[in-house]
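Residue numbers (our numbering), protein chains in the order written: chain A, 3 to 592; chain B, 260 to 517.
It is possible that part of the hints are untrue.
Derived DEER-like restraints, expressed as beta-carbon distance ranges [as the list claims (entries may be wrong)]:
#1 B:Leu277 / A:Ile201: 47 to 55 Å
#2 A:Thr132 / B:Leu360: 45 to 53 Å
#3 B:Asn368 / A:Ile201: 41 to 49 Å
#4 B:Ala500 / A:Ala265: 42 to 50 Å
#5 B:Glu494 / A:Phe327: 48 to 56 Å
The list that follows gives simulated cross-link-like pairs (lysine to aspartate or glutamate, DMTMM-like), each with its CA atoms no further than 20 Å apart [as the list claims (entries may be wrong)]:
#6 B:Lys261 / A:Glu449
#7 B:Lys339 / A:Asp571
#8 B:Lys482 / B:Asp469
#9 B:Lys460 / B:Asp379
Over the 10 Å line for every Cβ pair with chain A, so calculated as not near, a few chain B residues [as the list claims (entries may be wrong)]:
#10 Glu416
#11 Glu424
#12 Thr512
If you are wondering where the hints come from, they were derived from the structure by calculation, not from laboratory data. This one's a predicted model, so the numbers in the text were calculated from it and none came from an experiment. C-beta: ideal position from N, C-alpha, C; glycine also.
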Amino acid sequence: MSTITADSHAHAHGEHAHTGSFLSTYVFSRDHKVIGIQFLFSTLIWFFIGGLLALGVRWQLAYPWSDMPILGRLLFSAQGGQIAPETYTMLFTMHATVMIFLVIIPILAGAFGNFLIPLMIGADDMAFPTLNMLSYWFMWPAFLAFGTSFFIGTGPMSGWTSYPPLSLTIDAQKFWLVGLTCVGISSMMGSVNYLTTIIQMRAPGMTMFRLPMTIWAMFITAVLQAFALPVLTAAGFMQLADLTLGTGFFIPEGWSWNNTLHAAGGGQPLLWQHLFWFYSHPAVYIMILPAMGMVSDIIACFARKPLFGYKPMVYSIAGIAGLGFIVWGHHMFVSGMSPVLGMTFMVATMFIALPSAIKVFNWLGTIWGAKIQFTTPMLFALSFVSMFIIGGLSGIFMAATPVDIFIHDTYFIVAHFHYVLFAGTAMAVFGAIYFWFPKMFGRMMNEKWGKVHFFLTFIFLNGVFYPMHILGWVGFPRRLADPYHYETFRHLLPLNQFMTWCAIAMVCSQSIFAINFFYSIFFGPPAGRNPWHSNTLEWQAPSPPGHGNFDFQPVIYRGPYEYGSPEVDIDYYPQTMPPPQNRPVAAPAH
Amino acid sequence: MKHFWAVLFLLVPIFGVLAFVLAPYYNHSFPRDISENGRVIDQLFYFILYLTGILFVATEGALFYFMWKYNGRTNREPVKYSHGSHTLEVVWTILPAVTLLFIAIYQMNAWADAKMRKPDVPVTAEITGRQFNWDVRYPGPDGILHTQDDIILVDGEIHFPAGEEVLLSIKAADVLHSFFLPNIRMKQDVVPGMQQYMWFKCREQKAEVDIVCAELCGWGHYKMSGRATFEPRSEFNAWLAKKYAEQQAHRITQATAP
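From just these sequences and the hints, can you work out the full model?
Here it is in structure tokens:
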């Protein structure tokens with residue numbers, strides 16, 4: 003890690019004579035770019051761990067109770083390589099926990115938010131650099147707490163949703179909740195910082211409606227986080243109190259466990275579900291909106307054409323965020339919540355499909371009449387659109403309450419959120435890494451191997467996740483270690499085996515990405531400032547940007563999507579390039 | 260091949276539709292429906308499936324077509340320097356909005372039937388989810404629940420009368436569970452401390468189906484299964500009488516044991 007950033011900081015030292023010890027430059031750095039890259043590396047490592055956990059789940063579903071080759075020895079040596087039902091429960095719990103709290107949320111807001119916000123708005127750093135540093139270092143107690151929880155008893159095993167009363171019977175849940183709280187603190191510090199930075203530190207001429215979609219998405223995501231997170235944190239402390247202090251927020255009257263009557267009681271298990279989803283539904287949008295923003299930027303850049311409907315795109319993100327606060331009940335249609343409320347939540351949920359549809363139409367409008375360059379980032383961005391259509395449309399099934407009665411807690415749901423979160427967000431993140439890698443490390447990634455990586459991931463992800471719709475159609479339930487003892491689901495084993503092999507192939511294809519990534523950091527061809535001929539501000543800064551980001555004072559003349567403008571001879575028109583009438587001197591950099 | 264990527268993206272709608280068309284031929288679709296209400300839910304599912312299917316093919320088709328036609332390597336036309344279209348935005352906001360509102364309203368009656376319009380019949384049985392079994396309590400000869408003569412069974416073999424409205428009182432003893440009858444298209448989470456009801460009507464005279472726990476309830480969640488047997492009222496009454504007699508005999512042996 004230090005060698006990578008050494009490269010970027012050699013630059014910084016040269017230009018700004020920035021001095022500081024090794025520790026304060028590379029480890030406890032307050033530079034948003036270093037923090038962003040720290041987030042990126044940490045989350046990629048957890049991405050790998052989360053992927054292995056998923057393979058454990060898939061193995062059990064394909065070959066129940068058989069020894070798992072290679073990984074089994076490593077992970078479950080106590081059972082001789084076999085997955086015990088407790089272990090299986092822990093595996094899917096921690097797969098979701100790791101992917102959501104330690105990968106998707108921090109990689110979007112932490113890695114890309116940190117790296118891109120100051121660069122794209124023309125600021126020299128975040129508004130609160132120390133707070134920013136703390137937001138990264140508060141992830142470490144979370145890493146430790148989640149890491150430790152694996153080894154307490156059989157590990158956390160009440161799902162990533164930690165529904166009481168089951169969660170109250172599991173010791174490891176204490177560590178899990180502490181981890182959750184620390185992730186929350188980190189996110190809160192980040193979001194306060196992003197909001198302040200975007201509102202206060204835009205370069206001259208950078209009006210709100212000249213911000214790139216990435217920044218709009220990060221801004222609205224930060225608003226979502228700032229308003230929804232306190233609820234989860236409070237709820238987390240309440241559950242922690244139930245576990246350790248003997249309170250009874252989520253424990254009903256007269257509830258006993260292990261033949262011991264719980265003294266407090268008087269609480270309501272459903273209360274947790276309401277509080278949890280009040281955060282975690284907006285969190286679903288926290289996990290997709292920044293991806294939508296980055297995809298919009300990538301698509302416009304490689305379509306060589308202005309983004310279609312910039313303002314509708316902004317309003318639809320705001321619409322998703324607003325509606326995102328009043329749809330949490332759709333996770334609870336069959337939970338025992340009042341069915342009258344179910345109807346209200348159904349209508350709200352149906353309507354949240356609307357802004358998503360508008361976004362898809364506008365992306366299609368953007369590539370209409372374009373000159374598409376099929377670069378690796380573009381392929382990932384286009385696949386985001388293609389896959390998000392599937393994930394969006396399958397959402398309508400579960401929004402419809404009567405249909406949800408059947409498909410709730412089946413693989414239909416699993417298919418839906420993997421299409422949104424893996425085929426959507428994770429693919430967008432890959433695209434964003436290929437796209438902004440030159441800015442982060444000053445070198446290009448290999449295009450050919452990038453395309454091979456894209457092709458294999460695209461094929462295999464559909465092989466894993468598309469059949470899940472079919473499983474859900476049969477009613478195949480989630481979270482069962484061995485569903486095949488049910489007569490109804492016995493014949494689904496061969497399909498599950500096919501999916502598992504696709505999953506194994508998909509994880510293996512990621513090694514192409516890993517090799518490309520690390521090789522390119524050191525040996526990729528130098529990128530120059532603006533390898534993609536993009537308009538946005540970060541491409542006018544040196545690659546990688548030094549401390550303080552810009553070697554000139556950026557002044558912004560126009561929006562970020564002026565590709566193919568008739569005003570200039572080149573097919574792009576950087577935001578900083580002065581218009582022809584007041585262009586006596588050449589623009590500083592492009 | 261110049262259009263390799265466009266063609267790759269065309270595979271998405273082709274295989275996507277094909278999977279849903281072929282799956283029923285391999286028995287990979289809804290399990291056999293034996294209920295009155297289930298038909299309605301299946302029809303709503305297919306209604307949404309066709310609607311989203313059309314949208315899926317249309318949008319993925321457009322994506323493919325644009326990728327093909329506006330490929331930078333083959334498209335010699337200058338790019339269309341357009342920032343959007345107000346008319347189009349209005350059209351593609353209002354049309355989906357109306358459609359979505361229609362879908363939502365169209366679902367409401369089925370939802371009310373399934374979860375809000377509790378039938379006015381006596382409770383057939385009380386089901387209690389506990390780690391990891393479905394216990395059932397039938398009213399005994401006096402026809403009233405929670406009296407001395409109740410019949411309590413804990414072997415996961417649950418019988419219901421067919422062809423008539425069945426009203427269940429459902430509860431949880433320890434943690435959350437979910438009483439799921441795939442063949443009836445009915446599911447309801449059970450929550451400790453909450454009394455809930457569930458109702459359905461089997462339209463077949465004789466059927467034996469799975470009872471699935473659909474809410475994570477601990478390490479043994481996967482094995483929390485049961486079997487539901489539907490039979491005509493007369494056979495059901497006879498079965499109940501037999502179980503009552505067995506229970507009485509068991510009680511007497513217990514009481515007289517040294």
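Going through the hints against the structure:
Distance hint for B:Leu277 and A:Ile201: a CB-CB separation of about 50 Å, consistent with the stated range 47 to 55 Å. The beta-carbon spacing between A:Thr132 and B:Leu360, approximately 49 Å, falls within the hinted interval of 45 to 53 Å. The hinted range of 41 to 49 Å is satisfied by B:Asn368 and A:Ile201, whose Cβ atoms lie roughly 47 Å apart. Against the hinted window of 42 to 50 Å, the Cβ-Cβ separation of B:Ala500 and A:Ala265 comes to about 43 Å, which satisfies the hint.
Our hint of 48 to 56 Å for B:Glu494 and A:Phe327 holds, since their Cβ atoms are close to 52 Å apart. With a CA separation close to 16 Å, the supplied pair B:Lys261 and A:Glu449 stays within the 20 Å bound. Under the criterion of a C-alpha separation no larger than 20 Å, the hint pairing B:Lys339 with A:Asp571 is consistent with the structure, at around 15 Å. Between B:Lys482 and B:Asp469 the CA atoms are separated by roughly 12 Å; this keeps the pair inside 20 Å, and the hint holds.
Between B:Lys460 and B:Asp379 the CA atoms are separated by roughly 13 Å; this keeps the pair inside 20 Å, and the hint holds. Remark: the non-interface label on B:Glu416 is consistent with the geometry, its nearest Cβ contact in chain A lying 14 Å away (cut-off 10 Å). Remark: the non-interface label on B:Glu424 is consistent with the geometry, its nearest Cβ contact in chain A lying 17 Å away (cut-off 10 Å). In this structure B:Thr512 is separated from chain A by more than 10 Å, as the shortest Cβ-Cβ distance comes to about 26 Å.
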